[in-house]
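Listed in order, the protein sequences are those of chains A and B. Going by this note's numbering, 271 is the number at position 271 of the first sequence; the sequence numbering is gapless. Going by this note's numbering, 81 is the number at position 81 of the second sequence; the sequence numbering is gapless.
Worth double-checking, as some hints may not be accurate.
Stated by the list, open to error - Going by beta-carbon spacing under 10 Å, a handful of chain A positions derived as facing chain B:
1) LEU8
2) PHE134
3) GLY137
4) ALA345
What the hints assert, rightly or not - To give an idea of the interface, some chain B residues facing chain A are shown, with a C-beta separation under 10 Å as derived from the structure:
5) ASP25
6) ASP61
7) ARG77
8) GLY86
9) GLY91
10) PHE101
To be clear, the hints were calculated from the coordinates, so they are not data collected in a lab. Using N, Cα and C, we set each Cβ at its ideal position, and we do this for glycine too.
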Amino acid sequence: MFGYYLQLGFRSLRRNPALTALMVLTLGVGIAASMSTLTVLTIMSGNPIPDRSERLIVPLLDNNPANFAADTKAPDQMSYVDATNLLAQHHAKRQTALYGIQPYVDSGRKDLPPFQATGIAPTHDFFDIFAVPFRYGGPWSADADANRGDVVVISTALSEKLYGQANPVGRRMRINDREYQITGVVGDWKPLPRYYRLISGNPAYGDIEDVMIPFQTAVGQEFGNDGSTDCSGDSGNGYAAFLRSECVWIQYWAELASPSDRAAYGDYIAAYIGEQKKLGRYPRPVNYTLYNVMEWLDHQGVVGKDSRLQAWLALGFLLVCLVNTVGLLLAKFTARTGEIGVRRALGAPRREIFRQFLIEAGVIGIAGGVVGLALSFGGMWLIARQSRSMETVAHMSATMLLATIALAIACSIVAGLLPTWRACQVRPAVQLKSQ
Amino acid sequence: MLRMQNLSKVYRTHLIETHALRGFDIHVQDGEFVAVTGPSGSGKTTFLNIAGLLEEFTGGDYFLDGVNVQGMDDNARSKLRNEKLGFIFQGFNLIPDLNLFDNVDVPLRYRGFNAAERKRRIDDALGRVGLASRMKHYPAELSGGQQQRVAIARALAGSPKLLLADEPTGNLDSQMARGVMELLEEINEQGTSILMVTHDPELAARAQRNVHIIDGQVSDLLRETNASLAAVAATA
Numbered sequence: 001m002f003g004y005y006l007q008l009g010f011r012s013l014r015r016n017p018a019l020t021a022l023m024v025l026t027l028g029v030g031i032a033a034s035m036s037t038l039t040v041l042t043i044m045s046g047n048p049i050p051d052r053s054e055r056l057i058v059p060l061l062d063n064n065p066a067n068f069a070a071d072t073k074a075p076d077q078m079s080y081v082d083a084t085n086l087l088a089q090h091h092a093k094r095q096t097a098l099y100g101i102q103p104y105v106d107s108g109r110k111d112l113p114p115f116q117a118t119g120i121a122p123t124h125d126f127f128d129i130f131a132v133p134f135r136y137g138g139p140w141s142a143d144a145d146a147n148r149g150d151v152v153v154i155s156t157a158l159s160e161k162l163y164g165q166a167n168p169v170g171r172r173m174r175i176n177d178r179e180y181q182i183t184g185v186v187g188d189w190k191p192l193p194r195y196y197r198l199i200s201g202n203p204a205y206g207d208i209e210d211v212m213i214p215f216q217t218a219v220g221q222e223f224g225n226d227g228s229t230d231c232s233g234d235s236g237n238g239y240a241a242f243l244r245s246e247c248v249w250i251q252y253w254a255e256l257a258s259p260s261d262r263a264a265y266g267d268y269i270a271a272y273i274g275e276q277k278k279l280g281r282y283p284r285p286v287n288y289t290l291y292n293v294m295e296w297l298d299h300q301g302v303v304g305k306d307s308r309l310q311a312w313l314a315l316g317f318l319l320v321c322l323v324n325t326v327g328l329l330l331a332k333f334t335a336r337t338g339e340i341g342v343r344r345a346l347g348a349p350r351r352e353i354f355r356q357f358l359i360e361a362g363v364i365g366i367a368g369g370v371v372g373l374a375l376s377f378g379g380m381w382l383i384a385r386q387s388r389s390m391e392t393v394a395h396m397s398a399t400m401l402l403a404t405i406a407l408a409i410a411c412s413i414v415a416g417l418l419p420t421w422r423a424c425q426v427r428p429a430v431q432l433k434s435q
Numbered sequence: 001m002l003r004m005q006n007l008s009k010v011y012r013t014h015l016i017e018t019h020a021l022r023g024f025d026i027h028v029q030d031g032e033f034v035a036v037t038g039p040s041g042s043g044k045t046t047f048l049n050i051a052g053l054l055e056e057f058t059g060g061d062y063f064l065d066g067v068n069v070q071g072m073d074d075n076a077r078s079k080l081r082n083e084k085l086g087f088i089f090q091g092f093n094l095i096p097d098l099n100l101f102d103n104v105d106v107p108l109r110y111r112g113f114n115a116a117e118r119k120r121r122i123d124d125a126l127g128r129v130g131l132a133s134r135m136k137h138y139p140a141e142l143s144g145g146q147q148q149r150v151a152i153a154r155a156l157a158g159s160p161k162l163l164l165a166d167e168p169t170g171n172l173d174s175q176m177a178r179g180v181m182e183l184l185e186e187i188n189e190q191g192t193s194i195l196m197v198t199h200d201p202e203l204a205a206r207a208q209r210n211v212h213i214i215d216g217q218v219s220d221l222l223r224e225t226n227a228s229l230a231a232v233a234a235t236a
């Protein structure tokens, strides 16, 4: 009977076309508003690296001065001293320090004058920790990290800008008046959000950096920090003094072998702070925090309150649309009490009438879902036009696409419950006589 | 085929009780063609609705084809209605956006027949009423008489044992009414019992038996007539 009722449902779309169109549109608009905001929210709050997010840890160490309030939290970044110490100890399975740089790229071409690119300076572990795919080549070696090698990994966008579709691995490119050898070109990697570097002053959503050079190479070349630098004490005089200071400006990630190693890693950090205390650092009681990826996103407030509010508003709007749909369905089904009477007389029990009309409501949901999908794409287009960072999140995945249709059907069925129940209460004897 | 004993139907509101049927007794034999007559408001339609399992009754017994219907739930009543009964209404009651084939198909769907069986029965039923060639037409494309023939085909398709007809010719002109009546007689000759409510004495006269309902009770027409005649003679 399901197929029969489905067929009747599609046929009934043609009945009262104006009423049907109104219902489909009402449902579609509600669905579109909800799904476009939910899509953005889902992408914003989604896990960017689900297979290892529990194992990727940001350690925050409280190196604040003694006179800071007792409840002051550990800063969100790390000093150069701590970053290099932790890197050298290699306690985790993999680890990277990183900071933002602003490299000037000189292509040597007349048609392409030197330009400022975006960049970061991590260690070679960065690429394995974050599972960075490569279009050509690969990361630089551990030796390049240790020896401040002049090597670089570039984005596909920069590669195409400089070399077209050619494989540039092995070529040398000029950055800040120095030659760097290209070891790899990053492939299709669009982490949403850019969780590996949330403290940059740039939006959390957007393209990856164009230039990546070894952390120590960048320090050796005295690349300034393109990001946030927080000095609670004296930053010293000159770059070397700055490196020795307690200024925090480096982001640090550790990849543990297993999420269960987290407590042990915490003990290690505590022990490290203890050692540093003996050297006259860390005047406050031992205080550190570990965050995994999702905790880090939450701590950084990546999903803004505005986005959540928008999603709630959109769901509220959907509710209003649903209430309207209930009214319209009531009108549509009430007009068919005669048919209900006939079907009851011909042997349909109430439960079959219930099924038939609920499926009809579901069919309206399918139509509403299709309209909603079209409108959602329109909504996403509008969201994408807000900014480049929004453009990167305003994409509907296949899952959300199916979820849109499923939500529309579910909504129409929920909206159809009352009208369908009313349809089942029709007394056939009364209807048949009044026909 | 149909037996009601001391049946009653009371409509209650918080103010009044209306006895639509009381002490109602009737027995329709297999293959019988019974016309039910009576003035408006006498309870004819209530009787037909109860007979058709479309309404519950308040007291008494009702046996349909030997089955006591009292206390049956909606599913069981619907199943019995679908298997044993066919309905023909004054207003035809075809579903306007289904073509003739699909209209006749409705009761067969609820019976659970497979597609081939349904098609065979629809072809046969529409063939019997002379509309086999118009099965793709919609009700609005037919005359009143033709629509009533489709309703008869729909009632017949499930091979019911009893046809319940409520003023089946009430909306038809005399020529069409005659055609429909002949069709009903033919169906009855083939063994289907018919219970027909009508206001038309001519149609009633064509039934094998007439049952007259007055004030919710079956009235013996012959006895009443004799009593009236006796009263007239006495006053003379």
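Here's how the hints hold up against the structure:
1. At a threshold of 10 Å, the smallest CB-CB gap from LEU8 (chain A) to chain B is about 9 Å, leaving the interface hint in force.
2. Nearest Cβ of chain B to the Cβ of PHE134 (chain A): about 58 Å, over the 10 Å cut. The hint is violated.
3. With a cut of 10 Å, the hint placing GLY137 (chain A) at the interface with chain B is violated, because the nearest CB-to-CB distance is about 63 Å.
4. For ALA345 (chain A), the suggested interface contact is upheld, since its CB lies about 5 Å from the closest CB of chain B, less than 10 Å.
5. At its closest, the beta carbon of ASP25 (chain B) sits 21 Å from a beta carbon of chain A; the interface hint therefore is violated under the 10 Å criterion.
6. Hint status for ASP61 (chain B): violated, given a least beta-carbon distance of 20 Å to chain A, over 10 Å.
7. Contact between ARG77 (chain B) and chain A, as hinted, is supported at the beta carbon level, the nearest pair being about 8 Å apart and thus within 10 Å.
8. Interface restraint check: GLY86 (chain B) against chain A, minimum CB-CB distance 9 Å, threshold 10 Å, status holds.
9. Interface hint at GLY91 (chain B): satisfied, since its Cβ lies 4 Å from the closest Cβ of chain A, which is below the 10 Å cut-off.
10. Taking 10 Å as the C-beta cut-off, the interface hint given for PHE101 (chain B) is violated, the closest approach to chain A being about 13 Å.
The earlier numbered hints that this structure contradicts are 2, 3, 5, 6, 10.
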